[in-house]
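Protein sequence lines correspond, in order, to chains A, B, C and D. The opening residue of the first sequence carries number 1 in the numbering used here; numbering runs sequentially from there. The opening residue of the second sequence carries number 1 in the numbering used here; numbering runs sequentially from there. The opening residue of the third sequence carries number 1 in the numbering used here; numbering runs sequentially from there. The opening residue of the fourth sequence carries number 1 in the numbering used here; numbering runs sequentially from there.
The reader is advised that the hints may include incorrect statements.
[Stated by the list, open to error] Between beta-carbon pairs, the in silico distance windows are:
#1 B:S17 - C:N99: 33 to 43 Å
#2 C:D101 - D:E275: 48 to 58 Å
#3 C:S72 - B:G67: 55 to 65 Å
#4 C:A286 - B:Q76: 42 to 52 Å
#5 A:Q214 - B:N99: 53 to 63 Å
#6 C:K25 - B:E120: 55 to 65 Å
[Said to hold, decoys possible] Derived DSBU-like pairs (lysine-lysine); straight-line CA-CA distance at most 35 Å:
#7 A:K11 - D:K107
#8 C:K32 - B:K32
#9 C:K11 - B:K11
#10 B:K11 - C:K32
#11 A:K186 - D:K11
#12 A:K186 - B:K11
#13 C:K11 - D:K186
#14 B:K11 - C:K186
#15 A:K141 - A:K25
#16 D:K25 - A:K11
#17 D:K32 - B:K186
#18 A:K11 - D:K11
#19 B:K186 - C:K11
#20 A:K186 - C:K186
#21 D:K32 - C:K186
#22 C:K32 - C:K107
#23 A:K32 - D:K11
#24 B:K107 - B:K11
To be clear, the hints were calculated from the coordinates, so they are not data collected in a lab. Virtual Cβ for every residue (Gly too), placed ideally from N, Cα, C.
The lines below spell out each chain.
Number of protein chains: 4
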Amino acid sequence: MRADVHRFSLKDPGDVSGLQEAIEKGVIDPEKIVAVIGKTHGNGLVNDYTRGYLTLCLSQLIGARTGIPAESVREQVPFVFSGGVEGILSPHYIVFTVNSDSAPNRKENSLAIGVAFTPELSPSDIGRQRQIDLTAAAVTKAMASASIESPDDVHFVQVKGPAFALDDIVAAQRSGLTCRTDNPGKLMGFGRGASALGIGTALGQIPANTDLEQVVLHDFSLYSSVASASAGVEVRTNEVIVVGLSRAWSGPLTIAHRAMRDALDLVSVAELARELGFSPEPQIVAEQASRIRAVFVKCEAQRDGTIRGRRHTMLNDGDIDQQRHIRAAVGAIVAAVYNDTALFVSGGAEHQGPDGGGMLAIIAEN
Amino acid sequence: MRADVHRFSLKDPGDVSGLQEAIEKGVIDPEKIVAVIGKTHGNGLVNDYTRGYLTLCLSQLIGARTGIPAESVREQVPFVFSGGVEGILSPHYIVFTVNSDSAPNRKENSLAIGVAFTPELSPSDIGRQRQIDLTAAAVTKAMASASIESPDDVHFVQVKGPAFALDDIVAAQRSGLTCRTDNPGKLMGFGRGASALGIGTALGQIPANTDLEQVVLHDFSLYSSVASASAGVEVRTNEVIVVGLSRAWSGPLTIAHRAMRDALDLVSVAELARELGFSPEPQIVAEQASRIRAVFVKCEAQRDGTIRGRRHTMLNDGDIDQQRHIRAAVGAIVAAVYNDTALFVSGGAEHQGPDGGGMLAIIAEN
Amino acid sequence: MRADVHRFSLKDPGDVSGLQEAIEKGVIDPEKIVAVIGKTHGNGLVNDYTRGYLTLCLSQLIGARTGIPAESVREQVPFVFSGGVEGILSPHYIVFTVNSDSAPNRKENSLAIGVAFTPELSPSDIGRQRQIDLTAAAVTKAMASASIESPDDVHFVQVKGPAFALDDIVAAQRSGLTCRTDNPGKLMGFGRGASALGIGTALGQIPANTDLEQVVLHDFSLYSSVASASAGVEVRTNEVIVVGLSRAWSGPLTIAHRAMRDALDLVSVAELARELGFSPEPQIVAEQASRIRAVFVKCEAQRDGTIRGRRHTMLNDGDIDQQRHIRAAVGAIVAAVYNDTALFVSGGAEHQGPDGGGMLAIIAEN
Amino acid sequence: MRADVHRFSLKDPGDVSGLQEAIEKGVIDPEKIVAVIGKTHGNGLVNDYTRGYLTLCLSQLIGARTGIPAESVREQVPFVFSGGVEGILSPHYIVFTVNSDSAPNRKENSLAIGVAFTPELSPSDIGRQRQIDLTAAAVTKAMASASIESPDDVHFVQVKGPAFALDDIVAAQRSGLTCRTDNPGKLMGFGRGASALGIGTALGQIPANTDLEQVVLHDFSLYSSVASASAGVEVRTNEVIVVGLSRAWSGPLTIAHRAMRDALDLVSVAELARELGFSPEPQIVAEQASRIRAVFVKCEAQRDGTIRGRRHTMLNDGDIDQQRHIRAAVGAIVAAVYNDTALFVSGGAEHQGPDGGGMLAIIAEN
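Start from the sequences and build out the full structure, keeping to the hints where you can.
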């Protein structure tokens, strides 16, 4: 087994020319694509349709090149897109491929990847125990399929779960279901939180519990530092991508991660760079930066309205959503150190890293 | 002569409790206030009234404590407020005082400050030769009043000039005047550009020229790396604050600056920190950060739509203005290195630093 | 007793030239000002500081002309400003004066006005029984002071109550208080809802109840069709203005109101115009429109995501707040019929008129 | 020849279930679709990708049902989508079909429709004489294909032309082309203006002129009251749809139009309703409203910052684009009269109706 990771820039959310060219040149075998993660042009909130647009275009491209209907592609391959390229961030997508013919390293770890899907989730499942438990089960399944032996070898778990626009929530309520909130944006937060707690329980970072539901968006001391959860109206299941290290795999790629304590935690950003063999003093030079294959960041506006004792204004702002503020800020800090702006930076880090902070995971060539 | 610099946080744009308390405790003598620079809660664009609100409140406070009418205070003391505390930035204002009784250092440089005002500018003056020339004259005057001998000793020149809402522009046109544009936001850009060129000519960084007007927003190879220009509807003259070093002054404060080549120029950010005696590897520790008195940043979205070869989306965005994007990003990078979020970060760096970049100036204790 | 109503346009939120000129010309006696209501340039959400800016400027102007300190003016005169002049709306403020020397009509009703204030409210009072009960008591007191005999003669009750930014909410929580939500914008909604229920109970439109608190933002079948409630960070009490008709007053002004069933309820808009003697077929001509003294509108985005069976998108929008959408829309409908854009249109009509609708009240010359 | 017009609501920009069902039930023959016009969920500005998303989905659906590749469908069928359903507007699309077997009326006029395309336009063609002339030629061709004899029988001409994001503009400039502006949003305005002037010259409403280019966005006294021009990054030619009346066609549908003098021109809105046999006093009842097949509105923020003498704030706003403001306002006025919120309301009415106003065209059953 050998995992490869390819990053393509995105002119607009319907632009799949990068992958198309890579397929045409034989660089990527479309049959071997197991997951796609990307950052699109929209606002990353409920009314962001750029995620669905890119999902459609990529699934159609892969479908056309593999002979599989696009709908079936979408059932097999997680397409996890997060909207919002605020500030200096650059829209892009990352294609994960797995070549199962490749012999394992045996001695050393290589990048390993596994995917799984939960059953469909309704609006009333979001933020509930059912979402937590189903996510945990899917993480366990994806780990097994990736031959990752220990939870310590898991460095990044991406979940993309469903978001619902208001009419879906209203329809669910009319059919007798109870939702945790009728605010579509807030329900996205419940979904991210429950997904993160599911990841944490599967990896033993959070004590398993049949009533974790009450913890969601409530007790932020419980979190997983490898969790990255998004929500979008374009999916109906929790799609799970587990990325880690395993001796059952081969290839030159590795992954590492760090929790970020808060939005200004430049120390952790630099430490992770050094762990990966880079020289971030203060900025990785372009030649080193070319070894980076993917960067994943979760972040959030600190809930008490301050950062290191000084007031921020993100949570009072009626013009720009807090997620857009914090993505611009934390994305820029990471981009400056790694000399790379094509980062997957996602807001809404509920239970994904320390409260007010988040997490950072990087795939790079050894 | 001795300059002091005090920084106060701002709960809302009418909150002058910080200065009030400092006056009451005798920390600041209101008679000695020569300039105020700050970062307020608004959007930093034409319809940002938080700048005027704070100007009113501070001028009334100073007026009440000095016995001078608030209008007269505003004519003597530049109040330069820039809106927009995007991302992790923290609203605050910086009060400059000058004690003229203090004996000079003679041997070593200390922080020196001078202020001046141009005559009133009409909408048709904005972006024009008249604004350039009057600004240059005011800079020269402020330098002289600060006993700064060489342009090389000037490290920061802040100009706040007038912005005009649409009805002012329309009224000017009806009275027969011609404006460089009838777009209020664009006219702010012309004003910043002309002010910066005025600074540059006064300091010999840009060749003086009777037709520099045509260069404004056109030839971005001409710039001043110590210029920081803002515009706001609350002023009608170009208010000029020159900050530099002089042996005619005493006190423990110093200032230094760097041009930023682009939005990712973390190298210059760190170099300036080292020049000031800080250890930015990667982040100044809190104890060192307490020596910082003020941080000034100018930045802008690179005009070709890329940063270091990768696409950004700031100039295509119809939801969030480009200035808000870039302030969030560059502000976060500087904040992360200096461990300080109360930064004066201003967008619209036309002719203020290299094209696509900007400038960084810091006042700190020696 | 004789009430007068003066409307002034607003160039910016610090522009009090209209009232100033009226005072200087002797049109308005500043001693006789009892209330000011207005529509300012901000977003009408938590971080809208234009309301506080105008409050400061007007209270200082009135203070200077009456010899009363501005703080005392603010304690005696309600200043109720709502931000957001979306679409074709025009920023303005309305000054209510009362001349107590005037002899009553005795036979016919004239415009009557009374004001009252609740004690200070803390973040934990907002949306709670205490806010409901104190508001009801203040309405009763204001009615009595206005000699309005019957609740049927009350046509408009404006309440402006406190909003709290995040740090106030966090501080309250840290001091042991429990708030109905820690979301500043949502807490504004609780405050408007509780204020409206207080108005409704005072007027007998809603059964008095010691546990109405649980109805707030929950059972929208309970409402008052004369209630208009706003919230803003610039006030700390519920300020109450009751406007109605009474034979104890004299003068040429009258007031009438209508509930609006939904955002498209043009029928009620036109009916009210006819009730006031206008010819709205389809639009009041300019000559008739000059009889209008003030127009008050409350409106909201229908909670089920539809209007008359068709989907709207206001509640899914992450770029523009729902209140800004609905103010632009309903404001334009009323403006088109009345040929007048200087309308006080306020979003967030929780318990203020039928669910999904709102209310319309107009003061005009007989 | 017989034209039919079908309107479908849109849950999200990828939702083509309405047309799909109509095809499956035999209500629409996909071979007979000649044009689609719609209003999608995006911001209607440069970074609105909802237009391209819906274009892709509809062209694929039609392609799949007709056996024509989706790309070819897009070359034959104009898909004209405008983003922005502000306020109470409802996202939807309108499908035009033509049945050429149908015998003509001979005696009475029926709805007639013709389409045409210009060659591809580059960024440097936008707002230029070439765009004007090619549009005029396409309008003439579409009129002829629709057998509309007189320009007086043309009641609506929709053009969708190309918009370009910043990197396209920069690329064009690097290849030596000169664009009318390097501001992507402003270039959209030039494109709409030139398209409208092309329509006007083709219909004899504007004197043909080889230097009309200088009139674009300059002399707003020249306009066409049947022109509706949009721009979007998803097209590369000017797509032209001419709708009018002709005795060569049969069927129960008719069309009429009115210029709107300004945003408050409710009189024209009501007059057009009466011309079409409706009773708009004040609002068309639901039963009558069911005869409406499509409503097209163009509108814009009045350039002098006022409406009927009162100040508006749309052109000073840095948070919400002027087009979003005015669509919300004028859309609500028309919706209120016609009791219908699924209106095609498009901002940016440069040379499309009187300056500060726009136009209104309605297709209804006789």
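Going through the earlier hints one by one, which of them does the structure break, listed in rising order? 3, 6, 7, 8, 16, 17, 21 and 24
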